[in-house]
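Visitor: Order-wise, the sequence lines are chains A and B.
Under our numbering, think of the first position of the first sequence as 1, with each following residue one higher.
Under our numbering, think of the first position of the second sequence as 1, with each following residue one higher.
Since the hints were derived computationally from the structure, they do not count as laboratory data.
Treat the hints with care, as some may be off.
Claimed, not checked - Some but not every residue of chain B turned toward chain A, in silico, with C-beta under 10 Å:
no., residue
1, 102
2, 106
3, 113
4, 115
5, 151
6, 163
Glycine included, each C-beta is placed from N, C-alpha and C at the ideal position.
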Amino acid sequence: MGTRWRGTTLAAAVALALSPGSAAAQPRPGVTIQTFQFKPMPIEVPAGSKVTFTNQDDITHTVTSGTPESRDGRFSHQLPGKGATATVELTLPGVYPYFCERHRSMRGEIHVK
Amino acid sequence: MTHTFGKFCGAALVAAVLTLSAGPYFDPAQAQSSHAMTAMATSSTKAAGLRSGLNMLFQEHIYLAAAATGAALGGREAEFKAAAGALDANSIAISKAIGSVYGQGAEDAFLPLWRKHIGMVVDYTVGVASNDKAKQDKSVADLIGYTQDFGAFLQSANPNLPKSVVADLVKHHVVTLKAVIDAQASKDQAKTFTTLRTAAGHMQMIADPLAEAIVKQFPDKFGG
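Pulled out of the complex, with its shape left as it was, chain A reads as follows (with noise of 0.2 Å):
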């Protein structure tokens, strides 16, 4: 009897750490646009990573590839308002700065190592 239990709690944490949607799965790394701030500044992502931004602030924001000076034309996406998602993918390694375009002193960077 006691075989079989542990034999089953085995299993089912098995199939719970393969499962996609599981705690155990890797979160996705994120951005959270709050109080008009890209946090964290800087984030760190593995290459090939997704990078999801939210927007917590209650207006619409952008995420902006390169500066305001000089854009790089790899992304850009309008959030517009409190919830507003977006994600980019990133391969080779680098460092990718970002910013809003409606904030233009809105500036942030991705490390793809």
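Dock chain B against the given chain A, drawing on the hints supplied.
Guide: Frame of chain A, contents of chain B only:
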């Protein structure tokens, strides 16, 4: 006031607000130290100190802004530069007050946001000085749009400050300051100073709710 000088004033003020980096520091905690020396000091003194400090800074913003726009419209270059410098020092002090409550990141985010509306006021003043109605209209539209950004910032920092309420209060700030600039441009001295008192007095409508919301948010730090 010539068109050229108007443009110069605008550019100079923008340059001034962008390059100045030093200014007085308002720290509610520091402001408390003198109060704390008194035997009658209580925790409610902290809330009062915060409210009076914010009122002082916001009213100073009006008087210095009017000094700068009045000098610009009157073609008094040296006076304008000095007023613009003092106005930016006030902006930095307001940002530090925000930072003393919400941290360095919020301070760093607030300062350019606050300076942005000063740049728009400069644009409006340049539009008035150069009799450029399109520029005036665009500046007013930009300022009205800005009120939404400012409201969103404060709501994000403090949920006790609804965005729409803050935006309306800041809109009234814009309207009352615009009245001062218009009176200055028309060289109506009596109206200049009555509108100036109105504009300065209105800042209490921003400072008081902000102070109250901060006290509500951080009762252990400021509450009585």
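Visitor: Closer than 10 Å between Cβ atoms is the bar; does residue 151 (chain B) clear it against chain A? Give me holds or violated.
Guide: 8 Å, holds
Visitor: Against chain A, is residue 102 (chain B) within 10 Å by beta-carbon distance?
Guide: 7 Å, holds
Visitor: Taking 10 Å as the limit, does the beta-carbon of residue 106 (chain B) come near enough to a beta-carbon in chain A?
Guide: 5 Å, holds
Visitor: Can you verify the interface hint for residue 113 (chain B): is its Cβ closer than 10 Å to any Cβ in chain A?
Guide: This hint holds: residue 113 (chain B) lies near chain A, its Cβ roughly 6 Å from the closest one there, short of 10 Å.
Visitor: Would you settle whether the hint for residue 115 (chain B) is holds or violated, based on the nearest Cβ-Cβ distance to chain A being less than 10 Å?
Guide: Status holds, d = 9 Å.
Visitor: Report holds or violated for the interface hint on residue 163 (chain B), using the least CB-CB distance to chain A and a cut-off of 10 Å.
Guide: 5 Å, holds
The structure is consistent with each of the numbered hints, conforming to all of them.
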